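A.B. asks: Spelled out, the chains give:
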Amino acid sequence: AQTVTQSQPEMSVQEAETVTLSCTYDTSESDYYLFWYKQPPSRQMILVIRQEAYKQQNATENRFSVNFQKAAKSFSLKISDSQLGDAAMYFCAYRSGNQFYFGTGTSLTVIP
Amino acid sequence: GAGVSQSPSNKVTEKGKDVELRCDPISGHTALYWYRQSLGQGLEFLIYFQGNSAPDKSGLPSDRFSAERTGGSVSTLTIQRTQQEDSAVYLCASSLVNNYGYTFGSGTRLTVV
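Taken in order, these protein sequences are the chains called A and B. Just so you know, the numbering used here puts 870 at position 31 of the first sequence, and the rest follows in order with no gaps. Just so you know, the numbering used here puts 742 at position 88 of the second sequence, and the rest follows in order with no gaps.
Hints should not be assumed to be uniformly reliable.
Calculated lysine to any residue pairs in the SDA-like style (CA-CA distance at most 25 Å, straight line) [what the hints assert, rightly or not]: (1) B:Lys711 <-> A:Lys917; (2) A:Lys917 <-> B:Thr757; (3) B:Lys711 <-> A:Asp870; (4) B:Lys711 <-> A:Tyr872; (5) A:Lys912 <-> B:Phe719; (6) B:Lys665 <-> A:Ser881; (7) B:Lys671 <-> B:Gln704; (8) A:Lys894 <-> A:Pro848; (9) A:Lys917 <-> B:Gly755; (10) B:Lys665 <-> A:Lys912; (11) A:Lys894 <-> A:Ser851; (12) A:Lys912 <-> B:Lys669; (13) B:Lys711 <-> A:Lys909; (14) A:Lys909 <-> B:Ser760; (15) A:Lys909 <-> A:Pro848; (16) A:Lys912 <-> B:Glu698; (17) A:Lys894 <-> B:Thr724; (18) A:Lys894 <-> B:Pro662; (19) A:Lys894 <-> B:Lys671; (20) B:Lys711 <-> A:Pro879; (21) A:Lys917 <-> B:Leu750; (22) B:Lys711 <-> A:Lys912; (23) A:Lys909 <-> B:Lys669; (24) B:Lys711 <-> A:Pro848; (25) B:Lys711 <-> A:Tyr871; (26) B:Lys665 <-> A:Gln883; (27) B:Lys711 <-> A:Lys894; (28) B:Lys671 <-> B:Val767; (29) B:Lys711 <-> A:Glu868; (30) B:Lys669 <-> B:Phe719; (31) B:Lys711 <-> A:Arg934; (32) B:Lys665 <-> A:Tyr871; (33) B:Lys669 <-> B:Leu693; (34) B:Lys669 <-> B:Gly705; (35) B:Lys711 <-> A:Asp865; (36) B:Lys711 <-> A:Tyr893.
To be clear, the hints were calculated from the coordinates, so they are not data collected in a lab. Here the structure is a predicted model, which is why all the values come from computation and not from measurement.
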């Protein structure tokens with residue numbers, strides 16, 4: 840069964856600094872997608888970044904980048920130059936076919 | 655529409671009453687998903703629609719929960735005889751077939767008192 844594990848329930852970062860959120864997953868499949876979603880207090884789940892498993896190059900979206908280690912089944916999110924608006928719950932997710940599996944989330948606090 | 659719309663945004667109901675939660679997906683999105691998010695928890699899969707059919711109902715927690723989708727568009731999640739443990743945020747998401755990811759609605763916060 841596919842599972843997604845986020846081992847950091849809470850993280851904090853100083854404004855303008857860099858923070859890394861961890862995610863590991865378990866699968867026996869070779870073709871899948873990985874995602875990071877952000878959920879601010881508004882409850883809207885917002886897609887931050889996605890990674891195709893067949894691509895070795897790590898995905899990057901502006902200040903957000905991932906460290907994808909396929910053999911280790913690790914998919915961490917790095918947020919550079921953290922901003923107050925980055926404060927939210929962050930969920931790691933795995934997709935295979937039509938099913939998504941989500942981790943339990945990491946609550947990120949940004950300290951001014 | 656431009657985004658996934660869910661209504662109501664908040665619902666307070668008495669234990670034992672039935673509730674209906676509505677999801678209006680992005681126009682043209684054939685896949686629709688319902689998730690439940692309890693306080694401080696991750697997302698729990700409930701049901702998935704492809705068009706009007708539900709190939710995967712495995713996440714529905716009990717027979718008090720049902721969902722339907724009509725016209726390949728709007729979906730309704732119904733909870734009968736609500737219990738306090740049903741209190742949660744119910745999130746709906748839609749996607750194009752074979753697309754990468756979901757677009758989520760803002761959810762309905764259900765409180766059973």
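A.B. asks: Each hint needs a verdict: does it hold in this structure or not?
C.D. replies: Hints, one by one, checked against the model:
no.: 1; hint: B:Lys711 <-> A:Lys917; in the structure: 35 Å, violated
no.: 2; hint: A:Lys917 <-> B:Thr757; in the structure: 22 Å, holds
no.: 3; hint: B:Lys711 <-> A:Asp870; in the structure: 24 Å, holds
no.: 4; hint: B:Lys711 <-> A:Tyr872; in the structure: 22 Å, holds
no.: 5; hint: A:Lys912 <-> B:Phe719; in the structure: 35 Å, violated
no.: 6; hint: B:Lys665 <-> A:Ser881; in the structure: 16 Å, holds
no.: 7; hint: B:Lys671 <-> B:Gln704; in the structure: 29 Å, violated
no.: 8; hint: A:Lys894 <-> A:Pro848; in the structure: 28 Å, violated
no.: 9; hint: A:Lys917 <-> B:Gly755; in the structure: 20 Å, holds
no.: 10; hint: B:Lys665 <-> A:Lys912; in the structure: 39 Å, violated
no.: 11; hint: A:Lys894 <-> A:Ser851; in the structure: 30 Å, violated
no.: 12; hint: A:Lys912 <-> B:Lys669; in the structure: 43 Å, violated
no.: 13; hint: B:Lys711 <-> A:Lys909; in the structure: 30 Å, violated
no.: 14; hint: A:Lys909 <-> B:Ser760; in the structure: 32 Å, violated
no.: 15; hint: A:Lys909 <-> A:Pro848; in the structure: 23 Å, holds
no.: 16; hint: A:Lys912 <-> B:Glu698; in the structure: 22 Å, holds
no.: 17; hint: A:Lys894 <-> B:Thr724; in the structure: 38 Å, violated
no.: 18; hint: A:Lys894 <-> B:Pro662; in the structure: 40 Å, violated
no.: 19; hint: A:Lys894 <-> B:Lys671; in the structure: 50 Å, violated
no.: 20; hint: B:Lys711 <-> A:Pro879; in the structure: 28 Å, violated
no.: 21; hint: A:Lys917 <-> B:Leu750; in the structure: 28 Å, violated
no.: 22; hint: B:Lys711 <-> A:Lys912; in the structure: 28 Å, violated
no.: 23; hint: A:Lys909 <-> B:Lys669; in the structure: 47 Å, violated
no.: 24; hint: B:Lys711 <-> A:Pro848; in the structure: 29 Å, violated
no.: 25; hint: B:Lys711 <-> A:Tyr871; in the structure: 22 Å, holds
no.: 26; hint: B:Lys665 <-> A:Gln883; in the structure: 17 Å, holds
no.: 27; hint: B:Lys711 <-> A:Lys894; in the structure: 32 Å, violated
no.: 28; hint: B:Lys671 <-> B:Val767; in the structure: 10 Å, holds
no.: 29; hint: B:Lys711 <-> A:Glu868; in the structure: 22 Å, holds
no.: 30; hint: B:Lys669 <-> B:Phe719; in the structure: 15 Å, holds
no.: 31; hint: B:Lys711 <-> A:Arg934; in the structure: 17 Å, holds
no.: 32; hint: B:Lys665 <-> A:Tyr871; in the structure: 36 Å, violated
no.: 33; hint: B:Lys669 <-> B:Leu693; in the structure: 18 Å, holds
no.: 34; hint: B:Lys669 <-> B:Gly705; in the structure: 32 Å, violated
no.: 35; hint: B:Lys711 <-> A:Asp865; in the structure: 23 Å, holds
no.: 36; hint: B:Lys711 <-> A:Tyr893; in the structure: 30 Å, violated
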